[in-house]
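2 protein chains.
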Amino acid sequence: MFESAEIGHKLDKETYRQAVPGLRSALLDAQYDLKENGKIPVIVLVSGQDGAGKGETINILYEWMDPRYLSTLAFSEPTDEERDRPVMWRYWRALPPKGRTGIFAGSWYSDSIRQRIEDSLSLTDLDARIDQINRFEAMLVNEGALVLKFWFHLTKDAQKKRLKALEKDPRTAWRVTPWSWERLKSYDKLQEVAGHILRMTNTAWAPWIIVEGSDDRYRSLTAGSVLLDALKQRLATGDTQDTPVAPLVHTQIDGRNVLAALDLKKKLSDKDYDEQLGHWQGRLSELARDPRFKQRSLICAFEGADAAGKGGAIRRIAGALDARQYQIVPVAAPTEEERAQPYLWRFWRHVPRHGRVAIFDRTWYGRVLVERVEGFCSERDWLRAYSEINDFEHELAEAGAIVVKFWLQVSQEEQLKRFKEREKIEFKRFKITEEDWRNREKWDAYQQAVCDLVDRTSTSTAPWTLVESNDKNFARIKILQTVCERLEAELAGKPAAKSKKRKAADGK
Amino acid sequence: MFESAEIGHKLDKETYRQAVPGLRSALLDAQYDLKENGKIPVIVLVSGQDGAGKGETINILYEWMDPRYLSTLAFSEPTDEERDRPVMWRYWRALPPKGRTGIFAGSWYSDSIRQRIEDSLSLTDLDARIDQINRFEAMLVNEGALVLKFWFHLTKDAQKKRLKALEKDPRTAWRVTPWSWERLKSYDKLQEVAGHILRMTNTAWAPWIIVEGSDDRYRSLTAGSVLLDALKQRLATGDTQDTPVAPLVHTQIDGRNVLAALDLKKKLSDKDYDEQLGHWQGRLSELARDPRFKQRSLICAFEGADAAGKGGAIRRIAGALDARQYQIVPVAAPTEEERAQPYLWRFWRHVPRHGRVAIFDRTWYGRVLVERVEGFCSERDWLRAYSEINDFEHELAEAGAIVVKFWLQVSQEEQLKRFKEREKIEFKRFKITEEDWRNREKWDAYQQAVCDLVDRTSTSTAPWTLVESNDKNFARIKILQTVCERLEAELAGKPAAKSKKRKAADGK
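Protein chains in written order, with the working numbering: chain F, 1 to 508; chain Y, 1 to 508.
Any given hint might turn out to be false.
Stated by the list, open to error - Below 30 Å or equal to it, Euclidean Cα-Cα: the simulated BS3-like pairs (lysine-lysine) are:
id	chain 1	residue 1	chain 2	residue 2
1	F	K271	Y	K164
2	F	K185	F	K160
3	F	K168	Y	K164
As the list claims (entries may be wrong) - Chain F is nowhere near these chain Y residues, computed Cβ spacing over 10 Å in every case:
id	residue
4	S180
5	K271
6	I328
7	E336
Everything labelled a hint here was simulated from the structure, so no lab data went into it. On a predicted model such as this, the values are computed, not experimentally measured, just so you know. C-beta: ideal position from N, C-alpha, C; glycine also.
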């Protein structure tokens, strides 16, 4: 992997001097074309051996390019806001918008490499991380990003020499930390670990670029030229590096499906409703204040046809919580800053901290529902969304989030009844629009989309709950009960089945 | 202050029942008009006695209004990202965008009230806080915000009764914390402290609304009606509550000014430059790694005519720093999310943490430079900006930020020379646009604006340094030296004069 970066690449002063002006103006042109194009975020990872010129490369890129469209993203110890959320949250929040270039000093590789060198990460866990990284980068590339992963390499001797040279010059001595020397000692180990990780993440869509780091001129010119070529190529072809996606396969040839199988006649009397509402809201308020919840978070995701009763159900959950503890996130059209980011970015930004609750009124499933049915995105885009969403929810769960997802199902007749009622009650009129009537016409397409998303995204960590919602009383209680039981089971660290037993023992 | 909220306001069921539907639909209408209008952010502070219905009020507003355009902002202990920045940073980052309503559960008042009750805030410090709050709210209102400050009040007896009632009902018992009872004990103290603070912050532009909290129906209907009236009035008149601003007074009747007084002939030979560059960059890199800097941050603000050499100077600073430590913030046109916020919001979001450096390439002074000269904002807006900016920088300094501001002055002849050179060098061509030529025609207006901003915003905590920039060598060294000397003095906790002595003692 590192062989061709150990042959002593060098560049004489004259060649460098002659090449730089042309490179600079071409890089600037490419930057403006990139901005003009407005579709491609450029992500440059700067990694490698200490003393191999990572900092210098960043500085030279700042010198050569227009700093107005560059940003450096640096990562040291995670903050408490970051520690309370999935590992990848800090990288998501740092992603450059389309048309701009983000230089990552430190990245999603740094922790894995360090932990592996310190032997605090098992090979199995490393493999899982590598898998996660590959899928994350595939997502970025599919979303239009240009991902350039630089690894600046030095031989052991060159590293020793370079560290000494840096140390000698008072202007660069600070770049050499005790940790740098420590790293030299573990040079072989780093080579082994990095070699493994680089090999496993050397994907077709985001390959590594290994650059020999000992000669400043060679290194700078190489980094600049590679960046330029990649930018130009990407701008010229307009090709995104789509990873292949398999089409959907439908097995419901008998016309039966999970939605049709629901018994929409389920009901709850007002009296029973009032009683159970009190019970479950009380239970929920207790659970949300359970000390164990301080290390967890709750994410409730609501989807359903128009007028299925999402708002009412959400208010029943919110009503049991301290207003300071929850946030309702209504999902509307994305803002300009959101449109300049990968699809899931606008949901990542609302991921709650530990001890908090986020209730999404419509969700990231919009991609495989409205965007699919209305043709707002390409088939490729919504097809790959299933696994991207699974990854997202998996990362949430890994960080202690309890993800509860509801589909509220009403019959077409019930929906019509509610639409008509809404038109009569003045303060509910806002809830019904022309679009709602139009959506009704696509009823079957939506139903199919729901069946598909249940098949593809109901996982053990984040299962779907389908809610019979023709009766609002029944739906609200089922939702509250589901949330409570999931919370209870998760806080007890037990699967749902066991928690039921526990409840029985409590005499309930 | 609280008298009319102690007379036992009550509302019977029937009156309430009849009033609510109309109120709800009117509130919804107002919300849509607000969204349509797109100019007004609504900020609702929900504060008051424990048990006076703060949480219930938030819940009822969520029930009555469209939650898609509402958000609740809750504040508990500040996170480490917040602690490393000015106190007000957490509130700035939570401000609702124009057209939306943000409900603040806890606000910039909470800390002052609590600390004053605990006797950990002196009266003098409290007065300073109150002053800061009044100016912050004036800024919000001037920026078009509707600020509604609710205080829900209870008599001591009513509070006791209410806490008991809440405690009895299992669904609400959790709202009563040990701290609630603690608060009852300090009821008189709270009344005294809150009374004082409310009186002092009961401004014409953001008055307090005191609401008796004991009766649910009265409280809910009052809060809803007040909100509705305020929304309707604000939408109808379109009036912002501008606070008065005084016009500028010019004393330079002799035609002399700080810019004209600069000796633009100052020069530095290439040899001296190289030597001093090494010296000051080395010094800067040491200072940035000084352990004392871990509790401070550095903000460098660069302004200057086109081609004055901002970029080059910035790179000389950046070159001395670890790329992971600094962020260059180029100030371009605001994004959609930024346009939906008060003017300073987009600078607040880039305020660096402790131990970090932010370098602004053009700054918040755009308001009193380009926006003033080009007429991009009204005279009122840029006139009030001076004191808003002083407040901003004062808050930064209070939180440990070291703010260094540079104006790079070149002569018109030198600028012309540079423009022409830039047109020749291909990779510098991007730096010169039609606009640059146009700006030259407004030279005098810009010079006047600079003199005014120096007069009005060069403070002891954040002084301006005017840099003679016809010679790039001289300018860069003066800038580096200024940054180093400020840093040195600040880290030593000494004024700049003393630090010079110290340097002399060091034999430099």
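- Item | Status of the stated non-contact between E336 (chain Y) and chain F (beta carbon gap over 10 Å) | Check fails; 4 Å does not lie beyond 10 Å.
Checklist entry - Taking C-beta pairs only, is I328 (chain Y) more than 10 Å away from all of chain F? => result violated (5 Å)
Closest CB of chain F to the CB of S180 (chain Y) still more than 10 Å away = Non-interface label on S180 (chain Y) holds, nearest chain F Cβ at 13 Å vs cutoff 10 Å.
Straight-line alpha-carbon gap K185 (chain F) to K160 (chain F), limit 30 Å
holds (10 Å)
query = Are K168 (chain F) and K164 (chain Y) close enough, with their CA atoms no more than 30 Å apart?
reply = Violated, at roughly 73 Å.
Q.
Run the distance test for K271 (chain F) versus K164 (chain Y): straight-line Cα separation, threshold 30 Å.
A. Holds, because 26 Å separates the two Cα atoms, which is no more than 30 Å.
- [ ] Would you assess whether K271 (chain Y), listed as outside the interface, keeps its beta-carbon beyond 10 Å of every beta-carbon in chain F?
- [x] holds (17 Å)
The structure is inconsistent with the numbered hints 3, 6 and 7, although it conforms to all the rest.
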